[in-house]
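Protein chains: 4
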Amino acid sequence: MKRIGVLTSGGDAPGMNAAIRAVVRKALHEGMEVYGVNYGFAGLVAGDIRKLTRRDVGDMIGRGGTFLYSARYPQFATEEGQLKGIEQLKRFGIEGLVVIGGDGSYRGAYALTKHGYPCVGVPGTIDNDIPGTDYTIGFDTSINTVLEALDRIRDTATSHIRTFVIEVMGRDAGDIALWSGVASGAEQIIIPEKDFDITEVADNIREGREKGKKHSIIVLAEGVMDGQEFAEKLDAIDNFHVRVTVLGHVQRGGSPTARDRVLASQFGAKAVEALKEGRGGVCVGLDREEYVVRDIVETLDNIRHKPNLDLYKLNEEISN
Amino acid sequence: MKRIGVLTSGGDAPGMNAAIRAVVRKALHEGMEVYGVNYGFAGLVAGDIRKLTRRDVGDMIGRGGTFLYSARYPQFATEEGQLKGIEQLKRFGIEGLVVIGGDGSYRGAYALTKHGYPCVGVPGTIDNDIPGTDYTIGFDTSINTVLEALDRIRDTATSHIRTFVIEVMGRDAGDIALWSGVASGAEQIIIPEKDFDITEVADNIREGREKGKKHSIIVLAEGVMDGQEFAEKLDAIDNFHVRVTVLGHVQRGGSPTARDRVLASQFGAKAVEALKEGRGGVCVGLDREEYVVRDIVETLDNIRHKPNLDLYKLNEEISN
Amino acid sequence: MKRIGVLTSGGDAPGMNAAIRAVVRKALHEGMEVYGVNYGFAGLVAGDIRKLTRRDVGDMIGRGGTFLYSARYPQFATEEGQLKGIEQLKRFGIEGLVVIGGDGSYRGAYALTKHGYPCVGVPGTIDNDIPGTDYTIGFDTSINTVLEALDRIRDTATSHIRTFVIEVMGRDAGDIALWSGVASGAEQIIIPEKDFDITEVADNIREGREKGKKHSIIVLAEGVMDGQEFAEKLDAIDNFHVRVTVLGHVQRGGSPTARDRVLASQFGAKAVEALKEGRGGVCVGLDREEYVVRDIVETLDNIRHKPNLDLYKLNEEISN
Amino acid sequence: MKRIGVLTSGGDAPGMNAAIRAVVRKALHEGMEVYGVNYGFAGLVAGDIRKLTRRDVGDMIGRGGTFLYSARYPQFATEEGQLKGIEQLKRFGIEGLVVIGGDGSYRGAYALTKHGYPCVGVPGTIDNDIPGTDYTIGFDTSINTVLEALDRIRDTATSHIRTFVIEVMGRDAGDIALWSGVASGAEQIIIPEKDFDITEVADNIREGREKGKKHSIIVLAEGVMDGQEFAEKLDAIDNFHVRVTVLGHVQRGGSPTARDRVLASQFGAKAVEALKEGRGGVCVGLDREEYVVRDIVETLDNIRHKPNLDLYKLNEEISN
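So the sequences go chain by chain: A, B, C and D. Using the UniProt record's numbering, you'd call the opening residue of the first sequence number 1 and step up by one each time. Using the UniProt record's numbering, you'd call the opening residue of the second sequence number 1 and step up by one each time. Using the UniProt record's numbering, you'd call the opening residue of the third sequence number 1 and step up by one each time. Using the UniProt record's numbering, you'd call the opening residue of the fourth sequence number 1 and step up by one each time.
Some hints here could point you the wrong way.
Which copy? The list can't say, so a pair holds if one copy fits it or any two copies do.
Listed next, the in silico DSSO-like pairs over lysine-lysine satisfying Cα-Cα at most 27 Å (straight line) [to be verified]: (1) Lys-233 - Lys-211; (2) Lys-213 - Lys-114; (3) Lys-2 - Lys-276; (4) Lys-211 - Lys-51; (5) Lys-313 - Lys-114; (6) Lys-306 - Lys-214; (7) Lys-213 - Lys-90; (8) Lys-84 - Lys-313; (9) Lys-2 - Lys-213; (10) Lys-213 - Lys-306; (11) Lys-213 - Lys-51; (12) Lys-306 - Lys-90; (13) Lys-90 - Lys-194.
No lab work stands behind these hints, which were simulated from the structure alone.
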């Protein structure tokens, strides 16, 4: 393979630029050329493609977001869109594509491969919910961003003896809530993977106050419920005057942590190696500290991302 | 004066601990004893008072919140509460009181002074809206916290070409929105002190997109409107898919910035000097780089905090 | 076991407080009492021991350093010191001890166990060089601290087209240099585990400049050489005007990252579980994403910590 | 004036990019064109000049360093260099120049004005030592960077009961040491503007230990002495085992604080206003919260930057 492409797709995540940089630099190191596709699959279909040089990725390793831009593009689910995309790639002489993104992006990569065009998926999303890897690019940065917010809230919660609900990202996966919750010593963590009883939550707050706890911090994954709604339910049980913070897209930005940059760099290089060997329809992952390359279909079909429920249990034992 | 007290009141602000530390250390340096009152005026009336030593404030300069806790306590507006408070202070032999907080706290301090008990007000609130000082303790930290969030949102806004509304604190004063807005290069800043026209806001977003701007970030002071409501109004005009972040109490916490620590240290020391000279019914402030001590009544009656509207104009000129 | 003790020993590391908190909370959850030993083995021999309650570890999870203090205490290598330590523990009715620290601390823990007193080692050091675990408490925080410094230096290096040497911690292990170097996109990483040729280093700088690179950043592990000495050697080859930064103990401090807090919490809880089962002479570790409990002697004798030389190779491929 | 230029000169400072952005945006707002000169006066003489557009400064407000690069260029002191510079500016039709930098840069700006070419100086340096302004661009960021390092060192200093010397920037001016020292609660601050006695320093450390202080942190301005040398002098008096950190260029980098960005934006806009009015040979400044424009010569000749020695005195009173 002499010329490869790279795009970012879906929600952006800190470390995507570090991954693009690694793809570019590793490919150049292997004697290949690299083209960047702007705006994910939308730009692919539109042919928004340009050559990337060593300098284009200079000083990019520490930047949040993605300099290739991203977009959600449901139309790529159609065969028409996919074939148009392949046509554009061929027009530029690009022989293989690295797709950095979440599981929607993986499906796009898989579709292209099915049409005979080799693609490699790289797990990039803050939610940590992509099958086939223990960690995704952006997750570590995201939990540290949430943690910093939780630390700040703790200051004011302690000063005023208050109850706070912090709504964090995670529609289907509670990983952000779990890790940031344990790391901040949050009193309670509410995630989609675990049922909860709002009256028990209220009981815990009251018990904490009786024990002399100065505050009660509840980390809530957005997939469970809206933060405001949760607060209202709590206040309906007792007059807690619950305060709500909705961090929103703050969680997606920022300069990536050391770990996310290292992970992204390894993933990017690994993806290039796979393409160099002519492999497509695969995705890279970190499996118990080992960098692996796996079949996308098998991964999407057979592997389920599981939250670390040991953390949930641990928090119940040590946070109260 | 041989023995003084100190309390924090109202919403907590980063740097309050640095101010308490300065009060304690300066008083000890002047040969006085210091007592801390927990939970603001509520604790004062309840007699929740304890002696503070040099060690109690060791390693406190960098901590967010207030280790004396704070509380809102409207009951302190009654003469009964005030006399009870003075009784408690006298019971401990405390001859003067430093009150760190916002304008509600100033009114409490003034009331005590009117009853013949010398109090000194120290401006501590993130809102920067206390008359008689250019800056309040906590403001600088707060705008940097908001700025960090805005920088993160910019990453993702740029990656996706999106419009964001960030609701920040400020019921009556737009200072946090103004400073963080200018510092982040926000496209628009909406504050209570300036009328705005939602259709113009929408027009600006569209113009920006036509000019090729990748994002549109709007910083909204909570006093104007709820972030969600603002977003709905915008989306009703055009299909912007506006994203909302409500930072909430995140803005109150965190380790204070260098400037807030220095300001708090100077204010604390200045307050002790005033008490040492037997002055009460005064408040300390920073007036054009000079530390001043002013009459509380005159300050509350005659001085109005004004937002820096030069910043508003500047942002209109350079952010688009 | 009804009563256990905990101490921190050797160089302090961010996350030690989170580990102590987990030990205390988990032990209380299991119905045990916990005593804290101040100043490591020195305090143990001196009997500087006190009961710890739930509240003693409140708001401790985010604090840098160790609130039990630490100390280096070579005298603990003598049997006399060890027996004195056990005597003190017995005097307080403490039946088992958690020792948080580096390999020196492990040896102390092992010595006590050999005398029949059950100890569990918890890996706490920024250097990441303890056998039997993939990561140590403090390492993740430390590499992020170094990374932040490197990002700052990059700003100025780029602005001025300069060569910088940053000396980081790591006497025998290059982990901090490796991870922070890869994460920052440093041009060169010099570690104890890899030979280097100073003339090649100089050649690389010159080649970089010819390629149009704006800066050259070299991360140097202290175990290889002093930063100043390294700079002088480089400047002797060519007139680079190399600038040196020696981060020193800055690398040991700061609020721990999310990952370090989670790791410390898991380790602390795991150590209590081991003691609860009556196990001593063991150490906890993270082995390929799994929390494990291993024999200390076997671990110290048979397992060597190895640097991740894949990272070294990756950096050579993508940083230039 | 229809076309102006802008350059950055001397040591880089966080916020320089924000100032350039303000110059560009304000000038465009006023209907002028803007050209950027790379590498300061060196690039000016060499004619390394290019047109800047709105987009060139997009997303620049938060970046450290200077995207126009900087350089020290002593040759600009010659009339030959100056005339060559003016020739280059005229070649591009540039009618006025904004020079962002320290006092060396001011002298360059003044020299050009003397030759009849209008220049405006903007104070940009972390050292805060430029006459005619209370604060310079970069100072606030720099003291917060130093503060963060000092907070980290305090963690480890407290854990181990140690003495630390931190060497910070400031050849002639002690501002960085003073502000960061007070903000961190450093036990001692050593600056060029105040004599000190090493035996008194040693006495203070010993007294602190006797009082039960867990650590002793000394902030030393580089202009006084080398950190290593200072430590050796201290250790010669008593066996303190002083640890040294030399922060070096870390202090110059990083994303600017809110205050530095606001200051830089105001300064940049003000400089454009001055040129628009046809004024040259002036410099902008912040004088007791007011933005002012002053004659450069008078400023350089008659105004001396003075350190805030009230801070020095305050620290002596409250840090021990």
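Do the hints match the structure? See the list:
1. Lys-233 - Lys-211: Classified as within; 23 Å inside a copy, 45 Å across copies.
2. Lys-213 - Lys-114: Neither. Shortest intra-copy (57 Å) and inter-copy (37 Å) distances fail the 27 Å Cα cut-off.
3. Lys-2 - Lys-276: within (8 Å within a copy, 54 Å between copies)
4. Lys-211 - Lys-51: between (63 Å within a copy, 18 Å between copies)
5. Lys-313 - Lys-114: neither (42 Å within a copy, 34 Å between copies)
6. Lys-306 - Lys-214: For Lys-306 and Lys-214, neither the intra-copy (33 Å) nor the inter-copy (36 Å) Cα distance is at most 27 Å.
7. Lys-213 - Lys-90: neither (63 Å within a copy, 31 Å between copies)
8. Lys-84 - Lys-313: neither (49 Å within a copy, 38 Å between copies)
9. Lys-2 - Lys-213: between (63 Å within a copy, 25 Å between copies)
10. Lys-213 - Lys-306: neither (32 Å within a copy, 40 Å between copies)
11. Lys-213 - Lys-51: Between copies only: 19 Å across, 58 Å inside.
12. Lys-306 - Lys-90: neither (38 Å within a copy, 44 Å between copies)
13. Lys-90 - Lys-194: neither (47 Å within a copy, 43 Å between copies)
Figure legend: structure checked against the earlier numbered hints; hints not met, in rising order: 2, 5, 6, 7, 8, 10, 12, 13.
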